Amino acid sequence: MEIKIIEEKDNLLRFIISGVTPAFVNSLRRTILSEVPTMAIDEVIIVENTTSFYDEYIAHRLGLIPLKTDLKRYKYITQETSEEERVMNTARLTLDFTCQRGEDIIYSGDLKPIDPEIKPVNPKIPIVKVIKNQKLVLEAIARLGKGKEHAKWQPVSTVSYGYLPIIEINEETCNGCGECIKNCPFHVFKQNGEVKVETPSDCNMCKLCIETCPEKSIQITYDKKSFVFNIESTGALPPKEIIEEAIKILKNKLATFKEQLEK
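Under my numbering, the residues of the sequence shown are numbered 2 to 264, in order.
In short, the hints are calculated from the structure, not lab data. Bear in mind the structure is a predicted one, so any value in this text is a computation, not a measurement.
DSSO-like, lysine-lysine: derived pairs with alpha carbons at most 27 Å apart:
#, residue 1, residue 2
1, K252, K153
2, K191, K217
3, K5, K254
4, K254, K149
5, K10, K147
6, K252, K149
7, K191, K208
8, K225, K254
9, K125, K241
10, K130, K113
11, K73, K147
12, K254, K241
13, K10, K153
14, K241, K149
15, K130, K69
16, K147, K76
17, K10, K226
18, K149, K69
19, K254, K147
20, K241, K120
21, K120, K10
22, K73, K252
23, K113, K147
24, K153, K241
Take the sequences, apply the hints, and build the full model.
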């Protein structure tokens, strides 16, 4: 197996993984979506609500706000977890907002975390619009959960993979007209005296280059054991940490499976 990072910025990570099967990369993708735990608001205690929104609507919106997550300090709560551990592994946030002007918006940044490390990823997520003298007072309780329980606990906004394209240009028939460069929506080709493939990992195999090439000099196939893997985090966890955690979970599941087989 070989991994090559091709793009890494903010909450985005793209890499090429080679020497594996589709089953492996799909297992990794599904583990990320359903098994990697993150923090999310799971319970809301409404003290006072004079806004135009029902309590349930506000609670739903609060649950969908991504929260920064610390997997080293907090543990995933199961049915077997004791009451004391449950309390230790929950984080609380409070909100006390009264509109003092004509109209205003309550944002995620108005939530005040008891633990400063467990806070909204983005302070500018709108919760509800209010007018003068309307008030919202509540306490929100967050815990670690998994995507298989509810989508609010998924650590990613998107995670996908695709075969790594193999783009070949027949240099004998290519006349360097540049039609493939003009028509490629992902700027895979470049021209420096002659047409070359610059970023094959960006190709989505739409085959516009093949269709518009007058000499039919381009061929596209794919590597059956190499994949372009894309992951975009919600901001709750860095993409690399999400991958590492997913791999740990997969290893533990395989170890348990092997143990059961031996029995």
